[in-house]
Structure formats: C-alpha cells, structure tokens
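Asker: Here is how the chains run, residue by residue.
There are 2 protein chains.
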Amino acid sequence: MKEAHPFAQRVNVAVSGGDGYPIFVGPGSLEHLADLLSRYAPAFRYAVIADARVADLHRAEIEKALGGLAAEVSWFTFPPGEAEKTRDQWARLTDALLDRGLGRDSCVLAVGGGVAGDLAGFVAATYLRGIPVVQIPTSLVAMIDSSVGGKTGVDTRHGKNLVGAFHPPAMVLIDPRLARTLPRIERAQGLAEAIKHGAILDRPYLEALEHAAPGLLAGDEMATTACVVGSVRHKAAVVQEDEREGGIRKILNFGHTLGHAIEQLSGYAVPHGLAVAWGMVLEARVGERLGVTEPGTAAMLARILRLFELDWERVPRFAPDALVAATRTDKKAREGAVHYVLLRKLGVVARDPDWSRPVPVAVVLDVLQSLDGEA
Amino acid sequence: MKEAHPFAQRVNVAVSGGDGYPIFVGPGSLEHLADLLSRYAPAFRYAVIADARVADLHRAEIEKALGGLAAEVSWFTFPPGEAEKTRDQWARLTDALLDRGLGRDSCVLAVGGGVAGDLAGFVAATYLRGIPVVQIPTSLVAMIDSSVGGKTGVDTRHGKNLVGAFHPPAMVLIDPRLARTLPRIERAQGLAEAIKHGAILDRPYLEALEHAAPGLLAGDEMATTACVVGSVRHKAAVVQEDEREGGIRKILNFGHTLGHAIEQLSGYAVPHGLAVAWGMVLEARVGERLGVTEPGTAAMLARILRLFELDWERVPRFAPDALVAATRTDKKAREGAVHYVLLRKLGVVARDPDWSRPVPVAVVLDVLQSLDGEA
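First to last, the protein sequences are chains A and B. In case it helps, our numbering puts the first sequence at residues 1 to 375. In case it helps, our numbering puts the second sequence at residues 1 to 375.
Next up, chain A with everything else stripped away, as it sits in the complex:
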C-alpha cells in the first residue's frame, strides 16, 4: 500500500511460485478501491457478484468507490444464504456473465460473506478456464478467514465445499467498516475462526481476543481491525507455506471435521461459526481422550466461546453415530479413515505425524456419547 494510505496494513501472500497477492486491511480502505484495482487487477470489464442483501446494503458505496475506473462495471446478484452455494447458482451466474459477453480480460469482484466469496471465486476459477477474482469481504468470517487463501467452491447434497478449485485472488481488500451493519450474532460467528487461529497457533492472540470480546461483539472499529489484521497474518503465513493443503494448511481444519458434520446434519441451520466452535471443543476433547491434548483444554475453549455468546445450548443434539457417519464424506478422509487435527495445548497444534491423524471411530463415539454430561 502506498504511503498515502497510512491507516492500512498490507499483508502479502506469496503463493503458486509467483509474486503472490496483496491483502489490504484498514477502515476506509474501500475509498482506494479504483486505484488499487487499476494497479493489482486491471481489467477491461468488472463483474461484481454479491447476494441481493449485500447489494442492497453496499452497492451505493461500492459504486462510488469504483467511480474512478474507466472500465465497465456490471452487477450480478443471487439470493442470500448458504443454500445458494450450489452448482446451479454457479451455472446461473456463469451464464449471466456469458450473456453479457464478458471475455478473458474481465475480473470478478466477490463482494460479501463466505458464500459470495466461495461462489463468485468458483465462477471466476472456471469462467473461460479462469479469470482473476478480487475478494472484498463484508462479513467478519470472510474478513477473518475465507477471503484469504484461494479456496473456492460450492456445496452438494454430500457435504460442504466438495466441488471447487484453488483460485488465489488477485487482491483482497478488507474494509472493516463494511461490517458495521452486521448483527451481533453474525459477528460472533466470524470471531469463532479468529479463536481457532489463536487456539492452533498463538495463545497470546487468543487471550487478547478474550479481553476484547465485548468490543468485538459490539463492533468496535479498532478492536475489529486489530482482530482482522491478526487473523489475516496467521492465515496468510500458513497458506503461504502450503497453499494446496498438502501439509501444515490442514491445521486450519481444526474444529471443522465435527463442525462440518454438525452443519450438515442440521441441514445448514446451525451457522458455520457456531458449528466450528463446538467442533473445536469436541476435537479438543478427542485429543484429551487420546492423551495428545493437555487436560482442561476443551473446558478452557468452551469458556472462551461462551464469552463470545457461542453457546453450546444453541447447538441441536445429533445421534453420535450419525455425526461420525457424516464425517466420512469430509474431504479430509484418507484411505477410509477420518483424520483429525489435534491440539497439544491452547496455542499449539500437534505437529506429528503429519498435522493430522486418523482417530479410531470408538474414541470419537465415546466423546460424543459423554457429551451432554460434560458440556
């Protein structure tokens, strides 16, 4: 970021053997969108993809921010909700871009939460065999987590994100002010991923989040910016080391094996953040049961999550064997065994044998069966 934007942080993610892509974070950074696009994602035409709700909320300010561009800008919207993250919606959006005659010299701007980022990212990844995408997250979960790292995709009836591609963005622009309209409960969903970053990599960061919980839930701009910068740095460092999830990137799946199973069994009625939150507690308990994770870790995590109003009482109960069955279609399954990322203790992930390990079904069932007595 040039000196004229002293308020913003720049994080670089060097991936794919290339120069990588820049991530700009800062309140007010949206005002520099046209300038940054012309430098980092120049195109003949821009296709803004957003859900209808995000378009209602932010279209005016984004069009204002794009005002300085000579290029043509078109908007493509879809109905809000995870239920729209499908191959059908992807095909519909792709056809809309083709109808408009967008060529390879076009660029997609993915504006919105995790769904828009994943869906628009997959449209860009497969449009004419791939055109650039710029991620402009508006939800906290997208700012903290999903806009960085290049994962794109859609859900199928078999599970989440089972169809997709790695398609690193040309640039990520994170303006925490775009999240100012978020309801408190959605903020908490996003913060679950920040807590995950602290749990696997950085206990002091986890403690800082804990202290900042009231401000973060209330939408305090400084606290939010600090949290986004902290999480983006952690995520970028991991992705930079292992873009394709052959090794260390797996640790970002902590909480996601059982978390995805909870989401799937609920028909996606349980929000992602809440599902991952309790996925983390359950997987910490699995680690404790195996003697890998320091005793008391799951209880400490549970206490922190309650501070963020991610209450276990809001998660519906599912039959343990149904949950275990749902983990089998997870992408992390290998040679028939489901692999789990485990903690050594808060802030330290277990490295051996290879960032994740197969866990006997009996151990997982045992943890799930003793759940209500302990939670």
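Hints are computed from structural coordinates only; laboratory data are not their basis. It should be emphasised that the depicted structure is a prediction, and the values quoted were computed from it without experimental measurement. One thing to keep in mind: the hints can contain errors.
Stated by the list, open to error - Here are the simulated lysine to any residue pairs, SDA-like style, with alpha carbons at most 20 Å apart:
| # | chain 1 | residue 1 | chain 2 | residue 2 |
| --- | --- | --- | --- | --- |
| 1 | B | 345 | B | 210 |
| 2 | B | 250 | B | 159 |
| 3 | A | 250 | B | 130 |
| 4 | A | 64 | A | 41 |
| 5 | B | 250 | A | 104 |
| 6 | B | 250 | A | 130 |
| 7 | A | 250 | B | 105 |
| 8 | B | 250 | A | 105 |
| 9 | A | 250 | A | 344 |
| 10 | A | 250 | A | 166 |
| 11 | A | 250 | A | 351 |
| 12 | A | 250 | B | 104 |
| 13 | B | 64 | B | 41 |
| 14 | B | 250 | B | 347 |
| 15 | A | 64 | A | 42 |
| 16 | B | 345 | B | 201 |
| 17 | B | 250 | B | 353 |
| 18 | B | 250 | B | 348 |
To be verified - Cβ-to-Cβ under 7 Å is the rule here; a few derived chain A residues that face chain B:
| # | residue |
| --- | --- |
| 19 | 91 |
| 20 | 98 |
| 21 | 164 |
As the list claims (entries may be wrong) - Covered stretches of chain B, as calculated for chain A (at least 3 residues, CB under 8 Å):
| # | stretch |
| --- | --- |
| 22 | 95-107 |
| 23 | 163-174 |
We put the beta carbon where it would ideally sit given N, CA and C, even for glycine.
Following the hints, put chain B in place on chain A, whose structure we already have.
Answerer: Using the frame of chain A, we list chain B on its own:
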C-alpha cells in the same frame, strides 16, 4: 521410462513451476500402466471415466493392464458424444464419485477421446478442489492434441469449453494400439490437429505428414506412432513455455476461431477436426488478405487437407455474419475485438504483435463472402 520399455518415447512437460508430468508414447505401452501409475500417480482408489462405447471396446484390456495394482478401481461411464460435455454430465459424474465415497487420495483415469479427457479432467480439477488425473487417450485427436496441455472443461449453450480449468495431468499414457479400432473418418479428424502443428511450427513435419497420409488414414502403427510423437513434442514444447495461454500458447488456436464458430453454428454436427481444418484455410486466407500470410498458403493447406479426406464439401455453408457473430463469444475475444492467430507462411506463425491480433470484421466478412467462389 525405464530401460525395460525401449519401444516407448518419453516426453516431459515441465509446467506450473513443478517437475512437470511425463508423457509415455508407444505401441504396447498400456501393458505398463499399473507400473507407471504406481510411480507417477499413486492413489488409494482409481476412478476410470469413459464413455459407454469406449468402455465396451477397451474395458477388458484396461482392466487387465490395471491388474497389478493393489488399489480399488471403479468405472464411471457416460453416453458418447460431444453433446454430453456439459455441466450436467460433469455434476452427474462428480456425484457418482461422491456416492462411491472417493476421497482426496483418489485419482481419475480419463480414458477416451477429447470429450472424455476434457470432461473427466474437469471432474478431477474440481473434485474436492482437485485430485490428480491421468490421461489415457483412445482417439487420434486426443493422442495428438487434447491429452497434453492440461486444458479441461465443458461446453455451454454459449459455446465450447467456456467453463473449465487448467489442470495438468499427473501423467499421459498414449498407446497408439488403442486407436486401432478407429474408423478412417475419425482418424482424419485427429490428423487435422497434427496438420495444424505442422502449419504453425514445422514445414518439414507437415510434408512428412503429407507423404504419410495413406498410411495414417489406414491406421498404420509405425506412421501413427511417429505422428503422435511428433505432435506431442510440438505441443509439449509450446505448453511448457506458456501453460496458461498468456502468450505463445495462443498459436495452438490457429484455425480454431472460425473453426469453433462453424462447429457452434452446426450444433456440433460438424466434427471438430473438419471444422478446424477449414478454420485454418479461412484464417490463412484472412492472413493473405491482410498481407501477413504468404500468398498461396491457404490453397496449399486446402490441398493437403483434401489428401486427408477433410473435404470442404462436407462443411455446411453458414451466413458470414452469423459466423462472425459466433466468434464473439470465443474465449479469445479481448476488449470487444476478436483476435486471430495468423501464419507468415506454412510452418511459421506470425509472432507480432503478441501471437495473435485483432482483425477488422470487414476483412473476415470479405473472406467468408468470397468463399464459395474460391474453395
């Protein structure tokens, strides 16, 4: 290829900043499939994707060749024909793999012609965000052209290959004996791409093809192998220099701008090879009209194509303005202008300004309007 396979040629394609992938070419190389897979594409499970006709013809010999593998092998078939290269068929195959519970430690074997390679390649590119694919072409067009280079994708109502991904194979195994059952007319279709390689890069190769035409059309094993090796070397050299078609790879699109338009307007009733053949003649004529291509080039190309029984009389006539309109949705369109790859002369492509150039619509219309008088 180890010394035990002295009959086979090995070509290496170093792409994506990695070690690249090997291409094995040789009559009888299929017998070494299990051995080569365990070295270059080891997996827990293999998913063979083929159309029903190819499966009928080759399933027994491929299963025999896979006999030495400890891994589980499943077959997934689809109806033959370009009409099946759709998002719907891609989704159906993906769901079939998910139904079977195939994880990230699986590998797709794409067995068949260009349709199977593109479709199965796109399934692999997007399955769990990407699993390896091995290309095992059975048609001459796939052996000569489409199995090398990593392009995958499907057609939409807007045109061919408009949705897809670059997904380099883990390995390509080309056994010309798999093409022994091909009808003469399908052989000719594939040879059109070999003629293209000669036309853009290598006049002596073009002349060798011309002399070998009777043997190539009759399916002579030595002539076919020599042609496949020659074309694979040319294609691999181009792809290695420019995998993502930012520069020199564009030259492989010679004949394809108007060729795709012919295919599209015919509802894909005109076979790809025939369409490209006459796309080349027309584009050579465009180049002559612009003073870029040596006069007489189009006529020489037309003469060679007739030797291969790719007769102009078999191409239906379309209104010139409809053809020009159909080129607009082509991926090669840039900033509203359709770009053409032009020859300097036979064997030499025009390098300037950037391997392709915008051509005024009036010039293309003029060539198309004067067509029947000259062809």
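Asker: Evaluate each hint against the coordinates.
Answerer: Hint by hint, here is what the structure shows:
1. At most 20 Å may separate the alpha-carbon atoms for a hinted pair to count; residue 345/B and residue 210/B meet this at roughly 17 Å.
2. For the suggested pair residue 250/B and residue 159/B, the alpha carbons sit about 18 Å apart, so the restraint of at most 20 Å is met.
3. Straight-line distance between C-alpha atoms of residue 250/A and residue 130/B comes to about 15 Å, which keeps the hinted pair within the 20 Å bound.
4. With a C-alpha separation of about 18 Å, the suggested pair residue 64/A and residue 41/A falls inside the 20 Å cut-off, and the hint holds.
5. Restraint check for residue 250/B and residue 104/A: satisfied, since their Cα atoms lie roughly 13 Å apart, inside the 20 Å limit.
6. Under the criterion of a C-alpha separation no larger than 20 Å, the hint pairing residue 250/B with residue 130/A is consistent with the structure, at around 15 Å.
7. For the suggested pair residue 250/A and residue 105/B, the alpha carbons sit about 15 Å apart, so the restraint of at most 20 Å is met.
8. For the hint pairing residue 250/B with residue 105/A, the CA-to-CA distance comes to about 15 Å; that is within 20 Å, so the pair holds.
9. Of the pairs offered as hints, the one joining residue 250/A and residue 344/A holds, with about 15 Å between alpha carbons and a cut-off of 20 Å not exceeded.
10. For the hint pairing residue 250/A with residue 166/A, the CA-to-CA distance comes to about 14 Å; that is within 20 Å, so the pair holds.
11. Our distance criterion of 20 Å between C-alpha atoms is met by residue 250/A and residue 351/A, whose separation comes to about 10 Å.
12. Of the supplied pair hints, the one linking residue 250/A and residue 104/B holds, its CA atoms being roughly 13 Å apart against a limit of 20 Å.
13. For the hint linking residue 64/B to residue 41/B, the alpha-carbon distance of about 18 Å falls within 20 Å, and the restraint holds.
14. Distance hint between residue 250/B and residue 347/B is fulfilled; the C-alpha atoms sit about 16 Å from each other, no more than 20 Å.
15. For the given pair, residue 64/A sits about 18 Å from residue 42/A by alpha-carbon distance, which is consistent with the 20 Å threshold.
16. Among the hinted pairs, residue 345/B with residue 201/B is consistent with the structure: their alpha-carbon atoms are about 10 Å apart, no more than 20 Å.
17. Using a Cα cut-off of 20 Å, the hinted pair residue 250/B and residue 353/B holds, with the two alpha carbons roughly 12 Å apart.
18. As the CA atoms of residue 250/B and residue 348/B are separated by approximately 14 Å, the hinted pair is consistent with the 20 Å bound.
19. Because the smallest distance between the Cβ of residue 91/A and any Cβ of chain B comes to about 5 Å, under 7 Å, the interface hint for this residue holds.
20. For residue 98/A, the suggested interface contact is upheld, since its CB lies about 4 Å from the closest CB of chain B, less than 7 Å.
21. Residue-level restraint check for residue 164/A holds (minimum Cβ-Cβ distance to chain B is 5 Å; threshold 7 Å).
22. Under a criterion of three residues with beta carbons nearer than 8 Å to beta carbons of chain A, the stated coverage of the stretch 95-107 of chain B is upheld, 7 such residues being counted.
23. Proximity of the stretch 163-174 of chain B to chain A, defined as three or more residues with a beta carbon under 8 Å from a beta carbon of that chain, is established by the 4 residues found.
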